Amino acid sequence: KFRMPTAENLVPIRLDIEVDGQRYKDAFTWNPSDPDSEVVMFARRTVKDLKLAPGFIPQIVQSIQSQLADFRSYEGQDMYAGDKIVPIKLDLRVNHTVIRDQFLWDLNNFESDPEEFSRTLCKDLGIEDPEVGPAIAYAIREQLYEIAIQNVTSARENRISKKGRRGAEHFPPSKAGGAALDLIKLFSFRSSVVRKRKEWGYYKPTLDLLSNEDVDALETKEERSGR
Amino acid sequence: MAGRSPVKEADSSDTIPTPAQSKPPQISAKSTTPAVKSEIPSTPTPCSRPPPSSSDADVIHVPSYSRWFSREKIDACEVRFLPEFFDGRSPSKSPSVYMYYRNSIIKQFRENPSRKISYTDARRALVGDVGSIRRVFDFLELWGLVNHSAASAPSKPAKDTANNNKSADAPSLEAPSSAAPTSSSSKHSSAASRRFCGACKSLCTIACFVCDKYDSTLCARCYVRGNFRVGLSNADFRRVEITDEPKADWSEKDTLLLLEAIMHYGDDWKKVAQHVGGRTDKDCVAHFVKLPFGEEFLGHPSSDEAESGFETNKRMRLTPLADASNPIMAQAAFLSALAGVESAEAAARAAVTTLSEVDDNTASKGRRGSFARNTRREADVSSNGDTNLNALERAYADVYALLEKEERDIERAITGITEVQMKEIQDKILHFEELDLQMEKELAQLEGMKNLLFVDQLNLLFRRSYALKTEERAVENVKPNVS
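For the protein sequence lines, the chains are E and G, in the order given.
Numbering-wise (the UniProt record's numbering), the first sequence opens with residue 1 and increments by one.
Numbering-wise (the UniProt record's numbering), the second sequence opens with residue 1 and increments by one.
It is possible that some hints are incorrect.
What the hints assert, rightly or not - The calculated lysine-lysine pairs, modelled on DSBU-like cross-linking and capped at a C-alpha distance of 30 angstroms, are:
id, chain 1, residue 1, chain 2, residue 2
1, E, K123, E, K204
2, E, K221, E, K89
3, G, K253, E, K48
4, E, K25, G, K107
5, G, K441, G, K423
6, G, K107, G, K73
7, E, K123, G, K282
8, E, K123, G, K290
9, E, K51, G, K107
10, G, K116, E, K123
11, G, K116, G, K253
12, E, K48, G, K107
13, E, K51, G, K116
14, G, K282, G, K270
15, G, K116, E, K25
16, G, K441, G, K428
17, E, K25, E, K221
18, G, K405, G, K428
19, E, K89, E, K123
20, G, K73, G, K423
21, E, K196, E, K123
22, G, K271, G, K253
23, E, K204, E, K89
24, G, K73, G, K290
25, E, K196, E, K51
26, E, K221, E, K51
27, E, K48, G, K116
28, G, K253, G, K290
29, E, K48, E, K25
30, G, K282, G, K271
Just so you know, the hints here were simulated from the structure itself, not pulled from any lab data.
Since we're looking at a predicted model, the values are computed, not measured.
Turn these sequences into a full structure, and let the hints steer you where they fit.
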C-alpha cells in the first residue's frame, strides 16, 4: 500500500509563488492527517510573519491543497514492494552552506526517519545554520516521494502488462529503479560488502561555506537560469 | 549557534526560579505545578504578568504562571496541552523530539529577546512537520515562554485562532488566548447554549424566555414573577427550551474557570457553579474531586495558618505535593501519611466508588456527598504521592527490561547468523559426500568391467588351447589313416 516509506507519513510541499513582484519560495514537510483548516491558518501566519501581500494567502492555500490532493490520490494504490535500497543524493545550497552527499536508503524500512537523519547529520558536521536541517530532511523526503510514485506507476504498468506475459515477475526488478538492481549485484556473495576505494569520494558528505559574494553570484545565476 | 550567548542563558536561568532549583525534594520527572500564592496558576490572565524591563537585555522575563518551565524536564501541563508527543501513537513524535522543538524555539527566541520571533522563523530552523512545530510554538507563546517581553502580539492571530476553535487540534490552546476580551468573546460564541437571565443574572438551565423585541432573556423565575421591563407583557416572550445541559465534557476552559472559582469562593459551590457557567454545583464538585490532584489548589479561608507552616516542612519530605499556601492539602497529606499508605488508598478507592454511586443516584444527600468528598481528597493526595515514587521505580525497571531485551535480540541475531553459516557448511559437506559415493560406484563399476575382461581373456586362452589340442588330435588321427 502506498505511503511515504518513513516513520511519519509526511508530505514534502514546495511553494514557489509570485504575486505583485514579490516572490515566495519555500519547502517544508506537511502532515497530511492535519485538518484542512490548518492549511488556511498556516498560510495566514506565514503571510503575516513574512509581511507578504495578502494576495498570497489563497495562492498558498491552493498550492498546498493541490499537492496534498496529489499525495492522497496516490495513497490508496499499491506500491511495488521488493528489494529497495536506493541511493539518495543531496546537493543543496542553503544561505551560506553548500552540502553535497550521497548515501543509500532502504525503502522497505518504514521506520526510517529523514528528520532524525538530518538532525544527526547537522550535529555531526557542526552546521551552525539552523535552516540547513529542514532543507536536508525535505530533500530526502522529496526524493523518497518521487521513488514511491515511480513504484506506484510501475506496479500499475506491471499489472497491465501481466495480462500479456506470464513471466512478468521477472520484469519488475529492471523497471522499478535501475539503482536497486545494481545493489542486488553489490550484495551478492561474489563481491564484498566493503565499498571500493574509488567510490569513497562519492559517498562522503562535503560541506562548503560560501562567502557573501559567492552567495550573491550563485543567486543571480539561479534566477537567470530559472527564468 | 551553541556557544553564542552563554551569558544570557545563565542570567535567564537565574531570574526564572525553575522548580529544579527551588525545590530540592523534587522526586518525579513530571514536576507538579508549584502553587502560586495568590494567582491562578493555569489561567494566563494578563494581570499576573511581571512588568517587563527593557533596560536589562540579559534578563529574560517569564510570566509567573510559567514558572514550571525547565530546560531538561517536561512538565505535566505540557503533556496535557500537546498530547500528540506523549501518547506514542507516532514513532517520531516522542518526548525527546518535543524537547528538541521546544528548546530550540526558546533558544532562538532568547538570542534576541527584544525581537518577537515569528512562527515562520521558528519553523524554518526546525526539522519536522510544520503542523506539530506550529502547535509547540503556539503553546510556548501562550505561556509566555516566547515573545513575552517583546512588543505585544497583534490581536489578529488570536482572533483567527479563536475562530478556528472547533477545527484545531487543541481548541483549549486557542480559547484562553492572551487578551481577555478575545477569550470572553470566544467563550460566548462557542457556548451558544448558555444563557443568563437579564434580570437576576442567573444561569438559565431548563427553559428561558426570550423577548425578541427588546432582545432580552429572562429565566423562568423572573418571567413568572413578572420581573421584566416596562412596556412588555407576557405575550411578548417566547419560551426557549434549553435541553438539560448534556453531560458535557469538561473542557480545559471549564476546568480553569472552576479552579478560579474555587480559589475565590472556597466551599461555596453555588457561586462556583455560577462562575463556571453551565454546570450545576454538584457537577462542579464531582469534577473538582476527579481532577488530578497535582494541579489543585484550595484557598480555604478558615484554615489555621500556624499549623500549616510547621507541617509543610514535614510534608515536603513526605509527599511531593506540599506547599505552604495549601493548608488543606497539607493537612490531608499529613493525615494520609499518618494513617498509612494502604489504608489511605483503600479509603480513597472506597470513597471514589461511593461517590460515583452517589452521582448515579439522582437523590443524593448533601451531607453524605461532602463526607465522601473529604475522604476522597485525602486519599487522592496520598495515592498521588505514592504513585510518583512507584512511577520512578517502574521507569527504572522498564529501562532495564528494555536493555536486556536489546541484548537478547542481538544475541539472537548473532546466533541466527552462525546457524546460517553452519548450514552452508553442512550443505557443502553433503554435496561432497554424494560426490564421493558416485566416485565409489564408478570405481566399482570399473572393477567389475576389469574382472569381466579378465574372464573373457581367460576364456579365450582356454578356448585357444583347447582348439589347439583338438587340432593336434585331429592331425594325429589323420596321420595313421594315411599310413
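Identify every previously stated hint that the structure contradicts and give their numbers, smallest first. Hint check: 7, 8, 18, 20, 25 fail, others pass.
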